[in-house]
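Given next are the chains, with one letter for each unit.
Number of protein chains: 2
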Amino acid sequence: MKVLLVFAHPEPHSLNTALRDVAVAELEAQGHEVRVTDLYAEGWKAQVDRADFPAWPADQRLAVAAASNAAFAEGTLTSDVAAEIEKLLWADALILQFPLWWYAMPAILKGWVDRVYAYGFAYGVGEHSDERWGDRFGEGTLAGKRAMLVVTAGGWEAHYSPRGVNGPIDDLLFPINHGILYYPGYDVLPPFVAYRVDRFGPADFEATAEDLRGRMRTLFDVAPIPYRAQNGGDYLIPSMQLKPGLERHAATGFALHLDQGSAAAEVKPAA
Amino acid sequence: MKVLLVFAHPEPHSLNTALRDVAVAELEAQGHEVRVTDLYAEGWKAQVDRADFPAWPADQRLAVAAASNAAFAEGTLTSDVAAEIEKLLWADALILQFPLWWYAMPAILKGWVDRVYAYGFAYGVGEHSDERWGDRFGEGTLAGKRAMLVVTAGGWEAHYSPRGVNGPIDDLLFPINHGILYYPGYDVLPPFVAYRVDRFGPADFEATAEDLRGRMRTLFDVAPIPYRAQNGGDYLIPSMQLKPGLERHAATGFALHLDQGSAAAEVKPAA
Chain A
0 MKVLLVFAHP EPHSLNTALR DVAVAELEAQ GHEVRVTDLY AEGWKAQVDR
50 ADFPAWPADQ RLAVAAASNA AFAEGTLTSD VAAEIEKLLW ADALILQFPL
100 WWYAMPAILK GWVDRVYAYG FAYGVGEHSD ERWGDRFGEG TLAGKRAMLV
150 VTAGGWEAHY SPRGVNGPID DLLFPINHGI LYYPGYDVLP PFVAYRVDRF
200 GPADFEATAE DLRGRMRTLF DVAPIPYRAQ NGGDYLIPSM QLKPGLERHA
250 ATGFALHLDQ GSAAAEVKPA A
Chain B
0 MKVLLVFAHP EPHSLNTALR DVAVAELEAQ GHEVRVTDLY AEGWKAQVDR
50 ADFPAWPADQ RLAVAAASNA AFAEGTLTSD VAAEIEKLLW ADALILQFPL
100 WWYAMPAILK GWVDRVYAYG FAYGVGEHSD ERWGDRFGEG TLAGKRAMLV
150 VTAGGWEAHY SPRGVNGPID DLLFPINHGI LYYPGYDVLP PFVAYRVDRF
200 GPADFEATAE DLRGRMRTLF DVAPIPYRAQ NGGDYLIPSM QLKPGLERHA
250 ATGFALHLDQ GSAAAEVKPA A
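Here the protein sequences come in this chain order: A and B.
If you read the first sequence in numbering that gives the first Met the number 0, its first letter stands for residue 0, the second for the next number, and so on.
If you read the second sequence in numbering that gives the first Met the number 0, its first letter stands for residue 0, the second for the next number, and so on.
Keep in mind the hints are simulated off the structure, nothing from the lab.
Keep in mind that a hint or two might mislead.
Label pairs and their calculated CB-CB ranges [what the hints assert, rightly or not]:
(1) B/Gly260 with A/Gly125: 25 to 35 Å
(2) B/Pro11 with A/Gly143: 38 to 48 Å
(3) B/Glu41 with A/Ala57: 19 to 29 Å
(4) A/Ala57 with B/Lys242: 54 to 64 Å
(5) B/Pro53 with A/Ala228: 28 to 38 Å
(6) B/Asp210 with A/Ala228: 40 to 50 Å
Beta carbons are placed, not taken as given, at the ideal position from N, Cα and C, and that holds for glycine.
So that you can see chain A by itself, here it is in the shape it has in the complex:
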């Protein structure tokens, strides 16, 4: 199979780089074809601005979604963005690897999402009707492919546990897993998260590397997080609210959007 790994760390000799190399080596050992987008090494432009839409009239107000829509339709996206879209279409699986900075992805990776996720490609896809609200959340351009986060965090695992002060890691990653990966159609796998990485010694590294190798070996086998498909009947249209009574046990917040009846939901999907 084909795997794209998008990598966001500024230091070529970092723990993150070492883990990336472990992942790539294991994937290749399994016979997969791997491409890496190394955002820092490639000097990725982080911010969305007028330069992203060279065909947009200079005297016209920049409406980002409209400009993105026109540029995608007309093939006038910049070459760096077009190349990433081509890689996403090529890959059977996408891995985003990054250090968790301020409970979110680093700016350069957010800028990859903001720029590469063009209107007509990652959003603004499909029809709106009484039965459908676009192809998103389980449907879309990237449906049938898999995606997974590989994350490092400085804090303790307990601090990211269900009662931890940082908030549960699954909730903190929900805007990415559900909002960025599930949205355009990916089946989203439970994330790989390494904690307390600032205190890693050689034994910690080797144990984490071995866990990561295991996750790479099961990349195409492990059950995805059982998010509910938007157009699958669980949500009201057009309010897009979960219909009453679908949750089996008390859930609030993000946990509502898991299909609790699925086998995968019985096992807590992360950390």
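Following the hints, complete the assembly by docking chain B onto the known chain A.
Same frame as chain A, now just chain B:
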């Protein structure tokens, strides 16, 4: 009082810019002193990299937290970052205004956080002991000041409601409100969120502008979101997990970290 508004939108003639001008005008009409950091207009550098730490030895591996710590302690942060830190210390209140892109802030604003939130300034502050775990989540350099988000979203308000497919807006903003603003000490106010902004007509704009003026008039009066102070006795140390039994009604996920006994928690704090 003194207010800093950090603004992240690429188009000078956008709805966001118009709302920003409404907010600034109302704050000034109330007698406040206002400074604006316009990230796009100022060409803000979004990504953290080695250039942020000019005193860090060129032949040494870049460890971001350590480099940030040294640069803050030794006064060798770059001038753009140092200027923002000075503004944060100057301001009694901070407003972050941005369009919600992919359920998070635009990359350029995330890069403002990643770069300006230096070690020793916004994190790595205070002692760790059996009774304290650093000055954070309710304590820290910026304690005593207020912070608030002003956000625009393309989607419908119902889609961000407690059962909405996007996830509840309060949970989606938790990594920012709690993880970025409450962490270094800010009292965090309920956010101002405008929905369906891509469909705004003049009447929508004027109604939203009037709501925003109201929020600006009460900037120093409205009750903050009642997050639990980390070192206030509600959390175990060092696991930083909420002690059992503190929640009054069933809550999971981010809602656990609200003090449900407070008056402010009775009113749902957003949207």
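Checklist entry - Could one say that the CB atoms of B/Glu41 and A/Ala57 fall in the range 19 to 29 Å? => result Taking Cβ atoms as reference, B/Glu41 and A/Ala57 lie about 21 Å apart, which means the hint holds.
>> Looking only at beta-carbon atoms, does the pair A/Ala57, B/Lys242 fall within the given range of 54 to 64 Å?
In response: The hint (54 to 64 Å, Cβ to Cβ) holds, given that A/Ala57 and B/Lys242 are roughly 59 Å apart.
*Is 25 to 35 Å right for how far apart the beta carbons of B/Gly260 and A/Gly125 are?*
Roughly 46 Å apart at Cβ, these two residues miss the hinted range, so it is violated.
**Item:** Cβ separation of B/Asp210 and A/Ala228, checked against the hinted range 40 to 50 Å
**Value:** 35 Å, violated
B/Pro53 and A/Ala228, beta-carbon distance inside 28 to 38 Å? Because 50 Å falls outside the window, the suggested range is violated.
Cβ distance range 38 to 48 Å for B/Pro11 and A/Gly143, holds or violated:
At roughly 41 Å between Cβ atoms, A/Gly143 and B/Pro11 fall inside 38 to 48 Å, so the hint holds.
The structure shown violates the earlier hints numbered 1, 5 and 6.
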